[in-house]
Amino acid sequence: MAGSIPASATADGAPVPAAAAAQRPLVSPWAEAWRRFRKHRLAVVSAVILAFIILAVLFGPFIWTVPINEIDFRARLQGPSWDHPLGTDDLGQDLLARMLYGGRISLAVGFAAMLVAVLIGTTVGAVAGIASGPVDAALMWVTDLFLSLPELPLLLLVIYLFREPLRALVGPEMGIFILIVAVIGGFRWMPVARLVRAQFFSLREKEFVEAARALGASTPRLVVRHILPNALGPVIVAATIDIAAAIIAESTLSFLGLGFPPDVPTWGRLLYDAKDQLDYAPHWALFPGLAIFLTVLTINFVGDGLRDALDPRRVV
Amino acid sequence: MTEDQLRELIGRVRRGTLSRRGFIRRMAAVGFTAPMCTQLLALYGISPAAAQSVPPYRPTRRGGGQLKILYWQAPTLLNPHFATGTKDQDASRVFYEPLAGWAADGTLHPILAAEIPSIDNKGLAEDGRSVTWKLKRGVKWHDGQEFTADDVVFNWEYARNPAVAAVTSGSYRDINVVKVDDYTVRVEFPRPTPFWADAFVAATGQLIPKHLFKDYAGANSRDAPTNLRPVGTGAYRFVSFAAGDTVRAEANPNYHLPNRPFFDQVEIKGGGDAVSAARAVLQTGDFDFAWNLQVDDETLRRLEAAGRGRVNIVEGGNIEHIQLNATDPNREVDGERSHISTQHPAFRDPAVRQAMALLLDRQSIQEFIYGRTGPATPNFLNAPPRFRSPNMRMEFNVDRANQILDQAGWARGRDGIRQKDGVRLRFVFQTSVNAPRQRTQQIYQQAARRAGIEIEIKSVVASVFFSSDVANPDTYGKFYADMQMYTTTMPQADPGRFMNQFVSWEIAQKANNWSGRNIVRWRNEEYDRIYREAEQELDPVKRAALFIRMNDLVVGSNHIIPVVQRPLVSGSAVNLRPVLSGWDTTLWLLSDWYRET
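In order, the protein sequence lines correspond to chains A and B. The opening position of the first sequence corresponds to residue 36 in the working numbering, with each subsequent residue numbered one higher. The opening position of the second sequence corresponds to residue 637 in the working numbering, with each subsequent residue numbered one higher.
Keep in mind the hints are simulated off the structure, nothing from the lab. Fair warning: this is a prediction, and the values are worked out from it, not measured in the lab. Glycine is no exception: its CB is placed at the ideal position from the N, C-alpha and C atoms. Take these hints with a grain of salt, some might be off.
[Claimed, not checked] Part of the chain A face toward chain B, derived, beta carbon under 8 angstroms: (1) Phe87; (2) Asn104; (3) Ile106; (4) Asp107; (5) Arg111; (6) Asp125; (7) Leu126; (8) Ala252; (9) Pro255; (10) Pro297; (11) Asp308; (12) Tyr315; (13) Asp343.
[To be verified] Here are a few chain B residues that sit away from chain A, every Cβ distance over 10 angstroms (derived from the structure): (14) Asn895; (15) Asp932; (16) Gln1082.
Please model the complete structure; the sequences and the hints are all you need to start from.
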């Protein structure tokens, strides 16, 4: 473990020779992770593309200020041009503006759902892993129960039950956002919980944990300070996969006409609207499809790279 | 055209100084053709010349191979008296036949009747209280039994029996049917009836055999094996049926018309969606005919360009329209929203409703969304043309809408949305999930935004929206929204039943499980009175005037905003010669279909 061995301090406090320092530069755990991550070429390229997509949807609408719902019948179903870099849909609405706006929602859904899943999963996994015994058994039953619930039908049920009250509370877009995030997040935490629990089981028997316990560290301190940081590697990887899954789930819902209201151009909705004109206005479906494809693919590669980088036992 | 002028014209036709065709042409000029026109002449004793309303049948022999028909909604049963929706009616029509059907020009075409009743042939009573049908002789059911007047009388008894629970009961409940002899029946009405050709005619008039159904004419009606294995008189006889999938039929060698049918086999395949159905006929040519192509015109044109098929557009009375809720969907009274005792906070102001009508850009919706498949219209009642009101106008004018709202005191708030006395002009606009409808919603939304009205778009899956599920809040019958849009169909060539959807006793509410037809919950005493008057009126001209007044009342209130007409659109292979009609089922004259070689 690169980070667990003090690189500079020695028992007698003798000054480190300058030559030695030059031979073995200071390496923090994060720098080491970054070094390992860089070696994964695809992950680096993916990270750049992903960063570009995120920056584009965050700041794009400030640069490309065409309204997303300006109907212009003279410019229907046009292919890419200087006026409309990604073309227009059948009402003459600018697709670039719609994609940038929709990307915000699709990405926000992805990241928010991932956060929910990781938070719940880590908590459940950590409690089960450290408590063991009946608490562990009960929590794992709950996990198995959730694993066996079908996601899509349940999502439909939840939307049907809670859409109206939430709409009244926070408005239609925010309401459906909360619902989708809650449901997707609420159904993706189980793998995370199992991962974390397994990590806890192995880590809590390690020497450094025993040492900390011998020094009188309380259980919460053991968990938060010593075990959890070492268990996070697989969690981060699982989280990236969850982002991709959430984006796809949102697209599925919009494609079924069940997600956001029809005038909110999420990437899935754009695809749904475009499907009937696929053969003569392919650009309309191509760009949102490409955006979903690229986002999901790059997130998966970044996750792959992170797994390599954060696994200290792996030699890169 | 005044009543006197019309009477004079009819007089000229009677004396023979004006041809029947010339009469219809003149009537068309003043908005007056279609089915009722023939009835009008029939009432005055002028019968149509035979077989001029249906295109001539050319083939001289049978053996035309297979005909493959695609229905993207599959038939689920084959008894016309239980047919839910046109898919079942059409599939039943392959095997069963009525006494007469409605041709595209609105004339009656005899099928199992020897002739169409008129005053001349003593079929039609002068007081409008009875009609006598003469049946064709020598017609045989597919199992060889003779078709007689007993079968006709049985269908009346069967359909009107509440234990049978037939969906066609409405056409048979209030009439009396008497067998005169083996080949003659008389239909008697309790009062003078202007629209006499309902029972035994067209979709609800398909006749089932007495000898196979007589043991199932009660509460056990649904158990009849013949419900799924039809034995009729039609040009094609039953081969196999898989509910929700395929109907197969073969030529009936003993059909009662010469040289017919043309095809050896007919296959009706169900499933898929409208776009893929259009593709299968127009582009790839996998099928010969596709029913009800609810596809935007742009797509149809492009598919048609492949040259394998063509699009048939037949005018009917179906109307896509927007409803502005007369009641308040956000207040609950006795556990029921949109309760009849409430008033919509914004739409109770006529100025708001007028502005909403001015904000609907119907021309663009026609031009850019529906094309040939949806002509814009200012009227709710468009067909038959003699019922079409000349008084309504459609206008798209954002400036005027703004002006009207300003004058009525609806001032723009800080966010640009107008409000007055704490009521904001913010409306939930629901419809079914359907691409052209979502497009229309967006066009309307944008125009409304320019006038300081915010429209929130909501789309509900069609199977939920059009369901009669009492537990579901999203159905069109409940109308728990400020506005909604859908198509009302007009299956009959007479507006009597069509226009009862705005009478006060039909209001949809909890008490009738939201099955009432007045979904917009609009009430008007004058409308109620005129409707009752029209039910009794025998004089066709006065009756038409009453229906025009009804249309003007409801459209003039702006609670109903007509969008586009929805003619029947189907696709057929280029060499197929289908006979279609907007006033009858799609397969109403399948016996006359043939393929040109």
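Hint check, A:Asp125 versus chain B [nearest Cβ-Cβ separation less than 8 angstroms]: 7 angstroms, holds
Interface hint outcome for A:Phe87 [beta carbon to chain B under 8 angstroms]: Violated, because the Cβ-Cβ distance from A:Phe87 to chain B comes to roughly 30 angstroms (cut-off 8 angstroms).
A:Tyr315 as chain B interface residue, shortest Cβ-Cβ below 8 angstroms: This interface hint holds because 6 angstroms falls under the 8 angstroms limit.
Let me know if the C-beta of A:Asp107 comes in closer than 8 angstroms to any C-beta of chain B, holds or violated. Violated, because the Cβ-Cβ distance from A:Asp107 to chain B comes to roughly 10 angstroms (cut-off 8 angstroms).
Run the C-beta distances from B:Asn895 to all of chain A and say if the shortest one exceeds 10 angstroms. At about 41 angstroms from chain A, B:Asn895 clears the 10 angstroms cut-off, so the statement holds.
Status of the hint placing A:Asp343 at chain B (closest C-beta pair under 8 angstroms): 44 angstroms, violated
When the nearest CB of chain B is found for A:Ile106, is that gap smaller than 8 angstroms? 5 angstroms, holds
Just to be careful: measuring from the Cβ of A:Pro255 to every Cβ in chain B, is the smallest value less than 8 angstroms? The hint is violated - A:Pro255 has no Cβ within 8 angstroms of chain B, the shortest such distance being about 47 angstroms.
Is the nearest CB of chain A more than 10 angstroms from the CB of B:Asp932? Non-interface label fails for B:Asp932: nearest chain A Cβ at 7 angstroms, not farther than 10 angstroms.
A:Asn104 as chain B interface residue, shortest Cβ-Cβ below 8 angstroms: 6 angstroms, holds
Going by Cβ atoms only, is A:Pro297 closer than 8 angstroms to chain B? Hint holds; A:Pro297 Cβ to chain B Cβ min 4 angstroms, cut 8 angstroms.
Please verify that hint: A:Ala252, Cβ, nearest Cβ of chain B, below 8 angstroms or not. 55 angstroms, violated
When held up to the earlier numbered hints, the structure conflicts with 1, 4, 8, 9, 13, 15 and 16 and fits the remainder.
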